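Peer 1: The chain contents come next:
2 protein chains.
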Amino acid sequence: MDREHGGVYTCLDRTGEVYSTDKSVWMQGRCAWTFSHLCRLYGERPEWMEAAKSCLDFLEEHCINHEAGGRLYFTVTAEGKPLRQRRYCFSEGFYAIANAEYYGLTGETEHLERARRAYRLIYDLNNGLIEDPTGLGPKTIPETRSGRALADPMIFLNIIGIMRRVDPANTEEYDCHARECTDTIVRYHYRPELGCTLESVNAEGQPELDYTAGRVVNPGHDIECSWFMMDEANYRGDEELHKTAEQIFRLAIEAGWDKEYGGLLYFIDACGKPTEAYEHDMKLWWPHNEIMIAASKAYRDTGDEYYLNWLLKTIEYSKAHFADPEYGEWYGYLRRDGLPTMPSTKGSTFKGPFHVPRALSMTERTLTEIIGDEAAPSA
Amino acid sequence: MDREHGGVYTCLDRTGEVYSTDKSVWMQGRCAWTFSHLCRLYGERPEWMEAAKSCLDFLEEHCINHEAGGRLYFTVTAEGKPLRQRRYCFSEGFYAIANAEYYGLTGETEHLERARRAYRLIYDLNNGLIEDPTGLGPKTIPETRSGRALADPMIFLNIIGIMRRVDPANTEEYDCHARECTDTIVRYHYRPELGCTLESVNAEGQPELDYTAGRVVNPGHDIECSWFMMDEANYRGDEELHKTAEQIFRLAIEAGWDKEYGGLLYFIDACGKPTEAYEHDMKLWWPHNEIMIAASKAYRDTGDEYYLNWLLKTIEYSKAHFADPEYGEWYGYLRRDGLPTMPSTKGSTFKGPFHVPRALSMTERTLTEIIGDEAAPSA
Numbered sequence: 001m002d003r004e005h006g007g008v009y010t011c012l013d014r015t016g017e018v019y020s021t022d023k024s025v026w027m028q029g030r031c032a033w034t035f036s037h038l039c040r041l042y043g044e045r046p047e048w049m050e051a052a053k054s055c056l057d058f059l060e061e062h063c064i065n066h067e068a069g070g071r072l073y074f075t076v077t078a079e080g081k082p083l084r085q086r087r088y089c090f091s092e093g094f095y096a097i098a099n100a101e102y103y104g105l106t107g108e109t110e111h112l113e114r115a116r117r118a119y120r121l122i123y124d125l126n127n128g129l130i131e132d133p134t135g136l137g138p139k140t141i142p143e144t145r146s147g148r149a150l151a152d153p154m155i156f157l158n159i160i161g162i163m164r165r166v167d168p169a170n171t172e173e174y175d176c177h178a179r180e181c182t183d184t185i186v187r188y189h190y191r192p193e194l195g196c197t198l199e200s201v202n203a204e205g206q207p208e209l210d211y212t213a214g215r216v217v218n219p220g221h222d223i224e225c226s227w228f229m230m231d232e233a234n235y236r237g238d239e240e241l242h243k244t245a246e247q248i249f250r251l252a253i254e255a256g257w258d259k260e261y262g263g264l265l266y267f268i269d270a271c272g273k274p275t276e277a278y279e280h281d282m283k284l285w286w287p288h289n290e291i292m293i294a295a296s297k298a299y300r301d302t303g304d305e306y307y308l309n310w311l312l313k314t315i316e317y318s319k320a321h322f323a324d325p326e327y328g329e330w331y332g333y334l335r336r337d338g339l340p341t342m343p344s345t346k347g348s349t350f351k352g353p354f355h356v357p358r359a360l361s362m363t364e365r366t367l368t369e370i371i372g373d374e375a376a377p378s379a
Numbered sequence: 380m381d382r383e384h385g386g387v388y389t390c391l392d393r394t395g396e397v398y399s400t401d402k403s404v405w406m407q408g409r410c411a412w413t414f415s416h417l418c419r420l421y422g423e424r425p426e427w428m429e430a431a432k433s434c435l436d437f438l439e440e441h442c443i444n445h446e447a448g449g450r451l452y453f454t455v456t457a458e459g460k461p462l463r464q465r466r467y468c469f470s471e472g473f474y475a476i477a478n479a480e481y482y483g484l485t486g487e488t489e490h491l492e493r494a495r496r497a498y499r500l501i502y503d504l505n506n507g508l509i510e511d512p513t514g515l516g517p518k519t520i521p522e523t524r525s526g527r528a529l530a531d532p533m534i535f536l537n538i539i540g541i542m543r544r545v546d547p548a549n550t551e552e553y554d555c556h557a558r559e560c561t562d563t564i565v566r567y568h569y570r571p572e573l574g575c576t577l578e579s580v581n582a583e584g585q586p587e588l589d590y591t592a593g594r595v596v597n598p599g600h601d602i603e604c605s606w607f608m609m610d611e612a613n614y615r616g617d618e619e620l621h622k623t624a625e626q627i628f629r630l631a632i633e634a635g636w637d638k639e640y641g642g643l644l645y646f647i648d649a650c651g652k653p654t655e656a657y658e659h660d661m662k663l664w665w666p667h668n669e670i671m672i673a674a675s676k677a678y679r680d681t682g683d684e685y686y687l688n689w690l691l692k693t694i695e696y697s698k699a700h701f702a703d704p705e706y707g708e709w710y711g712y713l714r715r716d717g718l719p720t721m722p723s724t725k726g727s728t729f730k731g732p733f734h735v736p737r738a739l740s741m742t743e744r745t746l747t748e749i750i751g752d753e754a755a756p757s758a
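Chains A and B, in that order, give the protein sequences.
Read in our numbering, the first sequence has 167 at position 167, and its numbers run on one by one without any break.
Convert by adding 379 to the 1-based position in the second sequence; the result is the number in our numbering.
No lab work stands behind these hints, which were simulated from the structure alone.
These numbers were taken from a predicted model, which means no experiment stands behind them.
Hints are supplied without guarantee of correctness; some may be wrong.
Claimed, not checked - Sample of chain A residues facing chain B (criterion: CB under 8 Å; computed from the structure):
(1) Asp13
(2) Pro82
(3) Thr109
(4) Glu110
(5) Lys139
(6) Thr212
(7) Val216
(8) Met282
The beta carbon of each residue, even a glycine, is placed where N, CA and C say it ideally should be.
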């Protein structure tokens, strides 16, 4: 935590020292969400509430681009001066879940209002209902090529899951939008005939396999998506949707697990061709967190030991490669062979107090649901 | 070569099959330059002239963004429809050297005019004399942070080296601009007190070491820069500049060579802290090409076996790791341990007929200068 300016630094080296003072806006929102979430699960603790509040205040004071319709920046300086605005609206998504979860704890309506405003902005941007107020325009010239990104409906489904829980007054809207998200994912991105879920399809929802970007599969993303969908299927009582989510998990983990070195590959190609991203065969921490959450939920819901085995295998791999008993916290980035890139890091613009605590807490909750509280060992 | 639409595909898998039909504008220019350069060194061959012409025509017909002041796109489709415009003006740089080198062969003045137009555009953009006609604006919000990138003066110095040779009428302008480039590099980026050459410094030319981007060292870039500077020093008869160029080479290779696995690391941190780019500890083909060129030139100019040893060491590493005797051509991307990322590639948006043939031909020429033509073995 930055005691001087508020908010959180997440670029931490192996020992926890800050190696870059620039602040990730994603991580301010994710950190505020995480500590609010922990308070909800395990009871309020002053230091958790304080951490959440500090990030929320920092977001509100420094991370909103008032000249661009209230969109959020991507990075700011330690003091909160704006560094970079991106076209993608994920900063807004993490801001929404942070405010929603904190509202769930405190009942302070300004936080619900903030979450709702961001929620509508993202919905409008994702669905092309408004021009992007940043004026950045799409990365690819739309007259030549435009498409649909899995991240949009997937992250929005996650936002809905959190907001619907704290904001029952708008249940109908959330239910309707959630259906739009799952429909989009299943109809356009889930491609059982190709044995995968595609990150990008064209505007009509069809695969474009002649170029690399059209063939990218991000197994960790798919697995994360699968548990968002299982949660939604359980909420809706939709068995077919649950089965599709399980299949998304299975296709992703079977294709993405590295048979030679273990661990989940970062990107793979739908047709087995080369992937252009240099880092495609690295092992990142977060996909392993998503496996833990998705596998435990799938095991709880189906009783199929296939999922339990993947949970155990992933924990085993993570303990052997991501854990650092000497300095604590998981390494973020491993080479394909399972060794950290050097100098190793515990945090970055994308890694902070989010995926690891989310996975540990959610997996703990799910396993406790399975075995019952009374089965837990006494500390 | 794309016999149907003209130009060249560079996304090639291990066997040479095209895995993405999108075309890199950088590579159209670089390919046209390479084949013109080979004709200059080894005599005109119809297939080389044809390849150069095809890329030049494709560039002229499809890669110029006429709605943005004649700037060039970054990628286009197989047919030449525009995909992406970037803010950086390197497409324009490779277009300039391609047209200049081709003019040097053919004397067709339209190619010199094209090269000159691009040259002026880049100069004006690099020096902030015009607004970028793409309207993209800087990536980082300039009120908070602005800076100087080594790539700008360094690539411009390379462009000058080629244009000055074919366009003696403008020698004075080239000499003056070359001096500006070397002054900027030596005064702002070369940091002997930090033991490195920095990719980015602030607008005043000072290091900013609190955040990752301010500490990035790209040893391959530095080594490439060192031979551009040695060429300039030799042209100018400037011994001090030559010595500085040698020092840039030494600092980069000593810090960047991987003591554990061999090969040159892609990025390192000026202060030994973590580097945010996931791929920082990978081994890319092109830095090894730059070592070959720079080390052979430095050995020729100084007679110091230090450089010969680096040349031999790099050739040995490259033969063992980058070469593929089965399918030919170098692998582009190796993991830190020296094995290709899988599925491996021979080409990408950034790798095509440029660095490898440039290094092989330039190293051959330099070694021939040292040992003399008569010492070459008869074929």
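Peer 1: Work down the list of hints and note, for each, if the structure agrees.
Peer 2: For each hint, the structure was consulted:
1. The closest approach between the C-beta of A:Asp13 and any C-beta of chain B is roughly 5 Å, which is under the 8 Å cut-off, so the hint is satisfied.
2. With a least beta-carbon distance of about 5 Å to chain B, the hint placing A:Pro82 at the interface is held under the 8 Å criterion.
3. A hinted interface residue such as A:Thr109 counts as satisfied when its beta carbon comes closer than 8 Å to some beta carbon of chain B; here the least separation is about 32 Å, so the hint is violated.
4. For A:Glu110, the suggested interface contact is broken, since its CB lies about 27 Å from the closest CB of chain B, more than 8 Å.
5. Proximity of A:Lys139 to chain B holds as hinted, the smallest CB-CB distance being about 6 Å (cut-off 8 Å).
6. Interface hint status for A:Thr212: upheld, as the beta-carbon distance to the closest one in chain B is roughly 4 Å, under 8 Å.
7. Evaluation of the A:Val216 hint against chain B yields a violated restraint, the C-beta minimum of about 11 Å exceeding 8 Å.
8. The criterion of a C-beta within 8 Å of any C-beta in chain B is met by A:Met282, whose closest approach is roughly 6 Å, and the hint holds.
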